[in-house]
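Engineer: Residue numbers (my numbering), protein chains in the order written: chain A, 86 to 200; chain B, 199 to 311.
Hints are not guaranteed to be accurate.
What the hints assert, rightly or not - Derived list of chain B stretches under chain A, where covered just means 3 residues or more per stretch with a C-beta under 8 Å from a C-beta of chain A:
1) 238-246
2) 297-311
What the hints assert, rightly or not - A few chain A residues that face chain B, going by a derived Cβ cut-off under 8 Å, partial list only:
3) Tyr118
4) Gly127
5) Phe130
6) Asp141
7) Phe150
8) Gln189
It is worth saying that the hints were derived from the structure and are not from the lab.
We treat Cβ as the ideally placed atom computed from N, Cα and C, and that holds for glycine.
So the chains spell out like this:
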Amino acid sequence: NAGVMQNPRHLVRRRGQEARLRCSPVKGHSHVYWYRQLPEEGLKFMVYLQKENIIDESGMPKERFSAEFPKEGPSILRIQQVVRGDSAAYFCASSPPSQGGDTQYFGPGTRLTVL
Amino acid sequence: AQSVTQLDSQVPVFEEAPVELRCNYSSSVSVYLFWYVQYPNQGLQLLLKYLSGSTLVKGINGFEAEFNKSQTSFHLRKPSVHISDTAEYFCAVRIQGAQKLVFGQGTRLTINP
Numbered sequence: 086n087a088g089v090m091q092n093p094r095h096l097v098r099r100r101g102q103e104a105r106l107r108c109s110p111v112k113g114h115s116h117v118y119w120y121r122q123l124p125e126e127g128l129k130f131m132v133y134l135q136k137e138n139i140i141d142e143s144g145m146p147k148e149r150f151s152a153e154f155p156k157e158g159p160s161i162l163r164i165q166q167v168v169r170g171d172s173a174a175y176f177c178a179s180s181p182p183s184q185g186g187d188t189q190y191f192g193p194g195t196r197l198t199v200l
Numbered sequence: 199a200q201s202v203t204q205l206d207s208q209v210p211v212f213e214e215a216p217v218e219l220r221c222n223y224s225s226s227v228s229v230y231l232f233w234y235v236q237y238p239n240q241g242l243q244l245l246l247k248y249l250s251g252s253t254l255v256k257g258i259n260g261f262e263a264e265f266n267k268s269q270t271s272f273h274l275r276k277p278s279v280h281i282s283d284t285a286e287y288f289c290a291v292r293i294q295g296a297q298k299l300v301f302g303q304g305t306r307l308t309i310n311p
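Modelling step: build the complete structure from the supplied sequences, incorporating the hints.
Structural biologist: This is the structure we're talking about:
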């Protein structure tokens, strides 16, 4: 059984460029969550999606950030016009519909560095 | 709003010694409680969770935690640690009816030989 997969594992961008982070949930999981971990801090919730729907985006910055989870394919977290403060580890988690958020399975993360 | 406080940012212990990592939470509604472990450059792995029932919860790798509602705590314990337990440990809560996890700042556990 493949776990949550994220790619790329490391991403370097210059200020002003776009970053696209991909997350493939565990097979059969229809719930996806994105979290951000700034250096020396805990994880902060960003967004919760189900297939084709954003359910809770209360943790998403109002500008430059967007997320999607299409019917086919991975979930994408997109950051436009990156700034140095976006440098962080971005973790995706998934859960099956039967468990809701009880057990979230985390991917290895994408470490974004903005130069 | 919910919040989680991990009282120690770093905990150094000797191998085979017992350890307790402290976690307190604040919430006006009922919560579910979790402990996750993060090994260097990896994602988070669930150690244990409290949803309901017995307040003493046993998890993987010999860890256990006790839910104390009156003290709003969920401390993590292990009677004898190993070098391989060196990692970052995160306490998290989820309120009933919501999906997102709220994490503490993490505690770095370092095991010395």
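Engineer: For every hint, state whether the structure bears it out.
Structural biologist: Right, here's what the structure says about each hint:
no.	hint	in the structure
1	238-246	holds (count 6)
2	297-311	holds (count 8)
3	Tyr118	7 Å, holds
4	Gly127	4 Å, holds
5	Phe130	4 Å, holds
6	Asp141	6 Å, holds
7	Phe150	16 Å, violated
8	Gln189	7 Å, holds
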